[in-house]
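Q: Could you build the full structure based on these sequences and the hints that come with them?
Protein sequence lines correspond, in order, to chains A and B.
Residue numbers for the first sequence follow the working numbering, so the first one is 18 and each next one is one higher.
Residue numbers for the second sequence follow the working numbering, so the first one is 559 and each next one is one higher.
Just so you know, these hints were derived from the structure itself, not from any lab.
Take these hints with a grain of salt, some might be off.
Have a look at the derived ranges for each label pair, beta carbon to beta carbon [claimed, not checked]:
| hint | chain 1 | residue 1 | chain 2 | residue 2 | range |
| --- | --- | --- | --- | --- | --- |
| 1 | A | Asp218 | B | Ser1038 | 14 to 22 Å |
| 2 | A | Gly327 | B | Asn679 | 36 to 44 Å |
| 3 | A | Trp21 | B | Tyr595 | 30 to 38 Å |
| 4 | B | Pro861 | A | Val370 | 46 to 54 Å |
From a predicted model like this one, the values you see are computed outputs, not experimental measurements.
Backbone N, C-alpha and C fix where the C-beta goes; we use that ideal spot for every residue, glycine too.
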Amino acid sequence: MEKWDYDGPILEIDKLSISFFTRAGEIPAVMDFSARVMPGEALGLVGESGCGKSTVALGVMQDLGVNGKVVGGSIKFKGRDLSKMSQKELRDLRGSEIAMIYQEPMASLNPAMKIGKQLMEVPMIHEGASKEAARKLALEVIEAVRLPDPPRILEAFPHQLSGGQQQRIVIAMALMSKPSLLILDEPTTALDVTVEAGIVDLVKDLGEKFGTSMLFISHNLGLVLDTCDRLCVMYSGEAVERGSIADVFDQMRHPYTQALFRSIPLPGADKNERPLVAIRGNFPLPHERPPGCNFGPRCDYFVEGRCDQGYIYMEPIDGNERHESRCLRTTEIDWDAPVQASDTTDKVSAGDVVLKVDDMKKYYEVAANAMFGGAEKRVVKANETISFEARESETLAIVGESGCGKSTLAKVLMGLETATDGQVTMLNKAIEQVPIEDRSTKDVSTLQMVFQNPFDTLNPSMTVGAQIVRALEIFGVGNNQPERQQRMLELLDLVKLPREFATRMPRQLSGGQKQRVGIARAFAGSAQIVVADEPVSALDVSVQAAVTDLLMEIQRENKTTLLFISHDLSIVRYLSDRVMVMYLGHVVEMGDTDDVFSPPYHPYTEALLSAVPIADTRVEKKRIVLEGDIPSAMNPPSGCPFQTRCRHKGNVEGNLCETEVPPMNTLADGHQIKCHLTDKYLDEMEPVIKIAAE
Amino acid sequence: MEPLTWTGIFAPLNYALMAAVVIFAIGFVLQLFRPLYAPADTDITINPDGTASARFTFADIPSEAMKYSVYAVVIVALIFIAGGIFLNHQAGILGAMAHQFTPVWIALLVTYALSIKFKRNLGLYGKLFDSPIGMIGFGLVMFWVFTALFTGVFGMIATHEPLEQLVRMKNEGPGAPVEGVDDPSAYYSHYLLGGDNLARDVFTRMVEGSVIVILIAPFATIFAFMVGITLGLPAGYYGGRLDTLLSFAANLILAFPVILLFYLLVTPEIRETGIPTYMGMVLFLFPIIFFAILIHSKYRTRPEVNTPLLIGVVGTLSIIYISTINQSGTPIDFLNFIDLFDVAGGILTVFVSVVFVNSPTVFRIVRGLALDIKTRDYVAAAQTRGEGPFYIMLWEILPNARGPLIVDFCLRIGYTTILLGTLGFFGLGLPPESPDWGATINEGRKLLSVYPHPAIVPAVALLSLVLGLNLLADGLREQSLKD
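A: Pasting the structure below:
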């Protein structure tokens, strides 16, 4: 199809409404949504899951499935109404003028086709390019997405590449036809932070280089700040605020946007002095939306009789250009009023050591054949000489990306695996060689775990109450069923869930509520040490704050030791007392939170800090993008585990980094760094994150 | 007495039926070529009340016609059934059969009325009544279940005795009057579906055959599932050597030709050695193991519930077990003082062989599901609170694998039914005079070109039951995905 020139906006969405028609009736997914993307502009679409942001993207692609339908408004692409185009015209448009990048790279690539063939297909189909020309273009584009050795990549199958590389290929494929509009639907959610940073950098550069307009869909405000020019915040199917990044971030004029910012841990938030403010209540289901303002029931500025009446329109904000908000009270609310701190609490001082891990190692032997164990056995070093202590009522964060060995560490602690070497002492009892079935009921109930995926943590075929009662039975709490029932109801109170939930099935609960049940279950035997494996990472931002708060409240009351496993440095900085950074099975840095988050850093920590997107315009970050991917634990690099990606390697004399594993270098205040860099060099490091003076 | 016609006084309705079928056929052909004369996407408009409607065009006529012709067929069929219930023989063979099946109709009506009324409280079973396919399948299956129930337990429905031979009725066609009966409205006045070459009533034998099929097929499938689950869960959960070993054994059984295996198991020489009985001893042990572990793993922390429950369940099952495997005249003939009942030798052998060939497939399905579900967080949560492996397998993994297992269960009953038919067809297992469908088809086959009805009737019965089971499985699958 001929690409046509057009001077106006690339994409113009006007009062778009999309509904899905089901047997139960019409479900409005998007209502009265307007947006404009100018050439070369990147528009961010932010909102919690279920707010309709992906539906907008699918609407632009005119791919709503059999039961989805645009019920009002129009979508104009380069001045032409998409809804008036025939199927054939749309087919030509998709992939050539509008390209879309999805969350899961592996799902977008054909696993049975070589990368080269998949890339070359695009110009061959859309422009009728010759094979040679297509191949030449493919090589260029692979170069553009900064993948090493393009000819080799062309010959590879998708599964031979890592997740980050796959996503780069998907982006390359989208760029093959030089589209005018690129839609990115959570393109980095499935990737690790350091890999994400690389992709974000790439997307930004490509936008500048090719002048492609972008529609960037994300739930992460920090990412949008890094990539976009303009921002549209969605809530429950409606755009609630729209404007340039600077306007929305610094002069927000909608209570939802404000609440969203207050519920994410920005630098400066502190669990004791400036706790997060969670948004109360739950996200309304599409068929249970309240009258008037959708956010009304959860809003602090709600006025009865006004906010729950009639339809509320987007109104422009005085003084700002193209900044609009769907709120009746934009001029009445004092937007600069300081946050009403919920409850400041006193810092709890750490008590005795309850868990001590000393030189712990965990190796796995991988045999090629299960039945006839062949001669060749490979060793995976999942954990390598790990030592740390955790004290009573302390929060120790374990930070690292996938494959760093943090889950293995949790497994060894829990007794699902036994350590290969070293000691693990819990309350003066050696447990490293005691598998869970040999541990006493008391030991098991003392050390419990909260799991990551709320949709997976509860058995779907048992009621919530029955699952907690079962845990009580196993931990030997209570003498008979009525006593345990009573205790179960008290546990529901503890995690702030209504007692009626006892008879509900897990599928009737939201993600946050399920996670609360998971916490209640972990505390059923009054656990003293709780391993929380990314307990909030799968939850929406507004729910995250509430669940985090709950965990810390219970921790304060019970003097629990919390081992908080996470890859999200913002939340770690907010709630942990001490931090342990892991990379490829090694602890590379450990110390108090403030020490770890300020120089000197381990080079990996430095990169990690720089990679985490922060949703604050005041923050200035030094951009450090790590090259390459995390090496496989099957085949770790020699010497320092991080040497393959380290940018400071040149500053160490000789080839020490490649030959020797660095010793743990203890700096002031018990701050430890596993690095060959000299103390002098470390002292001269600059902070990665700077907060501009207010 | 006159022989009965098919529809009796409702004969004029045949023309309506024929017309409906012809219209349906034409509509179907036109619909096939629809893309040639109609645009691909229809014009859908949104009504103000939030519903969507498509504008009616001429291109929609064939599909509409098909719809109404199906309605017409259903209405005519209902008239035949309802008319038959009240008019009996006056409404022809169909009417008389409908009259004989009266208790089945009532039972079906009650089942459907109750189920639809309470479908919101009945879980997956209730959801079945949201799917038309599932409802049709369920109806077909329940038709045969109720038929077997009323025939086997209450002695209703059948018009004669399955082995009763009325010499003059040999190979008579459907609707033939029974010689010497003067009352034309008596239920035994006609051979409704004719007589076979031994002058027995085909209708009666079909109905009696359903009892055997409905009795053996689900029970054999349940046993196959018990065996498959009891072995498949540990194989999937533990993995490693145990898995390799059990999977290898399962593959071995699956690789052996089924029919040959059956021949081997049911030949008298092999039966005399007692191999099938010994196999039965092993296979029938699995339900006891299954229930014992199921109860103990759940209630081990509460001995006051655990002990009585275990004693009760395992005790009852053991008595049934011993009674089942003990047969006088077979190598296993001991403990006769608690031998409560004897199972006919043929049935036991058939049962064992069906369980034996079905359990490896169930094993593989369960193993696969266990492999998948054991990676879930709730399994890890159970492990970290110190649950035993069998609690995890039976109470955390198995309930969450139920969707695919229920679907497979329905399909497998159908498969077992066909297997039973095949066995009967080869004259294996059950005694030759048994009215089971496979054996009757085989009997009727000999004179198929001259008198097709003795073979066709049981074949249609078999077909409708298996079709029903497959539709039921489809409906369940469709609904379980929506959950």
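Q: If a hint holds in the structure, say so; if it doesn't, say that too.
A: Hints versus structure:
1. For A:Asp218 and B:Ser1038, the Cβ-Cβ distance of about 45 Å falls outside the hinted range of 14 to 22 Å, so the restraint is violated.
2. Checked against the given bound of 36 to 44 Å, the beta carbons of A:Gly327 and B:Asn679, roughly 39 Å apart, stay inside it.
3. Look at A:Trp21 against B:Tyr595: about 34 Å separates their beta carbons, and that is inside 30 to 38 Å.
4. A hinted range of 46 to 54 Å is violated for the C-beta pair B:Pro861 and A:Val370, which are about 38 Å apart.
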